[in-house]
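In order, the protein sequence lines correspond to chains A and B.
Be aware that the first sequence starts at 1, since it is given in our numbering, and climbs by one per residue.
Be aware that the second sequence starts at 1001, since it is given in our numbering, and climbs by one per residue.
One or more hints might be untrue.
Below, in silico cross-link-like pairs of lysine-lysine (DSSO-like), each with a Cα-Cα straight-line distance of 30 Å or less [said to hold, decoys possible]:
1) A:115 to B:1187
2) B:1263 to B:1017
3) B:1236 to A:89
4) A:98 to B:1181
5) B:1168 to A:78
6) B:1175 to A:12
7) A:78 to B:1175
8) B:1111 to A:114
9) A:225 to A:114
10) A:89 to B:1017
11) A:12 to B:1181
12) A:3 to B:1017
13) A:12 to B:1170
14) A:78 to B:1170
15) B:1017 to A:98
16) B:1018 to A:78
17) B:1187 to A:114
18) B:1187 to B:1175
19) B:1017 to A:78
20) A:115 to B:1170
21) A:89 to B:1263
22) B:1181 to A:225
23) A:114 to B:1017
24) A:241 to A:225
25) A:225 to A:115
26) B:1175 to A:98
27) A:3 to B:1187
28) A:3 to B:1181
Facing chain B, from chain A, some residues (calculated, C-beta under 8 Å) [claimed, not checked]:
29) 80
30) 93
31) 94
These are computed hints drawn from the structure, not numbers from a lab.
Note that the coordinates shown come from a computational prediction; the quantities given were computed from them, not determined experimentally.
By construction, the Cβ of each residue, glycine as well, lies at the ideal position given by its N, Cα and C atoms.
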Amino acid sequence: MKKEILRFSGVKYTYHTVRGETVAVEDLSFSVRESEFVAIIGPSGCGKTTLLSLAAGLLVPSEGEVTSRGSFGYMLQKDHLFPWRTIEKNIRLPLEVKRQNTPEHRERAVNLAKKYGLGEFLQSYPSQLSGGMRQRAALIRTLATDPDILLLDEPFSALDYQTRLNVTEDVSEIIRSEGKTVLLITHDISEAISLADRVLVLSGRPARIAYEHELDFEGVTNPLKRREMNNFSGWFEILWKELNA
Amino acid sequence: MKNEKKNCSEEHLLFLKKRRRKLILIWSLRVGILALILGLWELSTSLGWADAFLVSSPSRIARTIGSLYTEGTLFYHIGTTLWETLVGFVIAVALGYGIALALWWSETVRKVLEPYIVVLNALPKIALGPLIIIWFGTGSPAILFMTVLVGLIVAIMHMLSAFIATDKNKLLLLKSMGAGKVQILTKLVIPSSLPSFISMLKVNVGMAWIGSIMGEYIVSRAGLGYLIVYGGQVFKLDLVMASTFLLCVLAAGMYFLVVLLEKVLVKNAES
Ligand SMILES: Nc1ncnc2c1ncn2[C@@H]1O[C@H](COP(=O)(O)OP(=O)(O)OP(=O)(O)O)[C@@H](O)[C@H]1O
Ligand SMILES: [Mg+2]
Chain A
1 MKKEILRFSG
11 VKYTYHTVRG
21 ETVAVEDLSF
31 SVRESEFVAI
41 IGPSGCGKTT
51 LLSLAAGLLV
61 PSEGEVTSRG
71 SFGYMLQKDH
81 LFPWRTIEKN
91 IRLPLEVKRQ
101 NTPEHRERAV
111 NLAKKYGLGE
121 FLQSYPSQLS
131 GGMRQRAALI
141 RTLATDPDIL
151 LLDEPFSALD
161 YQTRLNVTED
171 VSEIIRSEGK
181 TVLLITHDIS
191 EAISLADRVL
201 VLSGRPARIA
211 YEHELDFEGV
221 TNPLKRREMN
231 NFSGWFEILW
241 KELNA
Chain B
1001 MKNEKKNCSE
1011 EHLLFLKKRR
1021 RKLILIWSLR
1031 VGILALILGL
1041 WELSTSLGWA
1051 DAFLVSSPSR
1061 IARTIGSLYT
1071 EGTLFYHIGT
1081 TLWETLVGFV
1091 IAVALGYGIA
1101 LALWWSETVR
1111 KVLEPYIVVL
1121 NALPKIALGP
1131 LIIIWFGTGS
1141 PAILFMTVLV
1151 GLIVAIMHML
1161 SAFIATDKNK
1171 LLLLKSMGAG
1181 KVQILTKLVI
1191 PSSLPSFISM
1201 LKVNVGMAWI
1211 GSIMGEYIVS
1221 RAGLGYLIVY
1231 GGQVFKLDLV
1241 MASTFLLCVL
1251 AAGMYFLVVL
1261 LEKVLVKNAE
1271 S
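Between the sequences and the hints, there should be enough to build the whole structure, so can you do that?
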């Protein structure tokens, strides 16, 4: 069994505003192992984004504890590429921020981009790329600093269905071949099933773990292949029921 | 967008041709309207339909400018006003940008100063005329002060609202990379507010001229604003019109420079 890389123990988080307080997350406990792909699904507004911010250390829990070993890469719903930077300079952004902007690191990032089909777009501006390409560039940017844990907040939901299937396919391949640990948030049950090793189902707000499933696809990790397998629809039904319970 | 003339379709050639025709049309109409106005103006005064003493005329304006030139005072007056305007503009823009940055940096300071800025913005600056004369005398410093005052608040408010409007998710993204406040400022806030900076410059070109001319109205003994006031007092409408005309040219020139700057700065930030 692989080592634990991220752990939530009894975590609570409360937002305070003038109009009152919102408990977004309460008594939340789970852990993620190295190189594991964990998907989290939950009703909208239940506290999923809050969970990721807690994991990344952008928010500090009101109660409980978040412990992690390793660095994070955060990817959001939209690509948020900076329009005034070329793709290459966008990909380099986290290196600049983390003061790792050395020739070796830059080369690593550029090679990643080339390896995953962005080579000819390095000098283009984001506006010249399609939505799918941009999202791919955003992933490469996330990978540029070689983070141990990827936190993905509905990274495909802004794409149209066709593009989404393709990008999901690409991203899955990239992430698996780079051997990253992933915490993926999604609204889309079939996306969760087609990508993850394990699925956590959250309750309504405040979010807790309502159900947890280890998915068994006989070692198949390719999203499209999984979609064609027999147990896919079985999992879909189970998760659908739990999500709407 | 690339401008490849070589291998493009018939349709595209036609499109380019139409576009050029339209551009030519627009420019000839622009020039035409100006010529028409000047022509009618000149004609109506020379035929006696209008009193040239009251409305002046293009030829009289030209002659007035010519005589200012031969007296040797033309460039003195232009230079005075231009200097006051440009220096005031630069100070207002730079200071306004700096103050806006400081206000962005500290929310507390921003909240504290907000009512002061709102009041200063609403205050008609000309009301401060007497104070300015007493504090700065009747020379260029007083006019500079007025120019800065008029542009400063606008620059602060314009830039501050642009800084604050920075995309929340891009901020989150940078923070998730571990960016500190200085990095957030240099990598995101300042570049993403570039379009607002340009529009602030454009607005402030106008503000600077308002400030300097207003200043000259109240205090000065030189400059185009002074010539206008003086011309009005001694009923030399030719002088008033000539100075106004020169102002138009200078203001347009300065605006054009800002547009040029925009072309240079925004070249890459296509989105
Ligand atoms: N900055 C904030 N201040 C106050 N309340 C907040 C803040 N951010 C989120 N909330 C509240 O906390 C709750 C959980 O928000 P969160 O964004 O984590 O949910 P989510 O599951 O990601 O939602 P969605 O499905 O829409 O992405 C929501 O009710 C939201 O209104
Ligand atoms: Mg969310």
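A quick look at each hint next to the structure:
1. A:115 to B:1187: holds, 27 Å
2. B:1263 to B:1017: Holds, because 24 Å separates the two Cα atoms, which is no more than 30 Å.
3. B:1236 to A:89: violated, 61 Å
4. A:98 to B:1181: holds, 13 Å
5. B:1168 to A:78: This hinted pair holds, its Cα atoms lying about 12 Å apart.
6. B:1175 to A:12: Holds - the C-alpha atoms of residue 12 of chain A and residue 1175 of chain B are around 22 Å apart, at most 30 Å.
7. A:78 to B:1175: Holds. Residue 78 of chain A to residue 1175 of chain B sits at ~16 Å (cutoff 30 Å).
8. B:1111 to A:114: Given pair residue 1111 of chain B, residue 114 of chain A is violated - Cα atoms ~48 Å apart, limit 30 Å.
9. A:225 to A:114: holds, 26 Å
10. A:89 to B:1017: violated, 38 Å
11. A:12 to B:1181: holds, 27 Å
12. A:3 to B:1017: With Cα atoms ~68 Å apart, residue 3 of chain A and residue 1017 of chain B exceed 30 Å; violated.
13. A:12 to B:1170: Given pair residue 12 of chain A, residue 1170 of chain B holds - Cα atoms ~26 Å apart, limit 30 Å.
14. A:78 to B:1170: Within the cut-off at roughly 10 Å; holds.
15. B:1017 to A:98: Between residue 1017 of chain B and residue 98 of chain A the Cα gap is close to 51 Å, so the pair fails against 30 Å, i.e. violated.
16. B:1018 to A:78: Given that 30 Å is the threshold and the Cα spacing comes to 39 Å, the pair is violated.
17. B:1187 to A:114: Since the Cα atoms of residue 1187 of chain B and residue 114 of chain A sit roughly 25 Å apart, the hinted pair holds (cutoff 30 Å).
18. B:1187 to B:1175: holds, 12 Å
19. B:1017 to A:78: violated, 40 Å
20. A:115 to B:1170: holds, 26 Å
21. A:89 to B:1263: holds, 21 Å
22. B:1181 to A:225: Violated - the C-alpha atoms of residue 225 of chain A and residue 1181 of chain B are around 45 Å apart, more than 30 Å.
23. A:114 to B:1017: With a Cα-Cα distance of about 40 Å, the restraint between residue 114 of chain A and residue 1017 of chain B is violated, given a limit of 30 Å.
24. A:241 to A:225: holds, 24 Å
25. A:225 to A:115: Cα-Cα ~23 Å, so holds.
26. B:1175 to A:98: Given pair residue 1175 of chain B, residue 98 of chain A holds - Cα atoms ~11 Å apart, limit 30 Å.
27. A:3 to B:1187: violated, 37 Å
28. A:3 to B:1181: violated, 35 Å
29. 80: Interface hint status for residue 80 of chain A: holds (5 Å vs cutoff 8 Å).
30. 93: Where the cut-off is 8 Å and the nearest Cβ of chain B is about 7 Å from residue 93 of chain A, the hint holds.
31. 94: holds, 5 Å
The structure shown violates the earlier hints numbered 3, 8, 10, 12, 15, 16, 19, 22, 23, 27 and 28.
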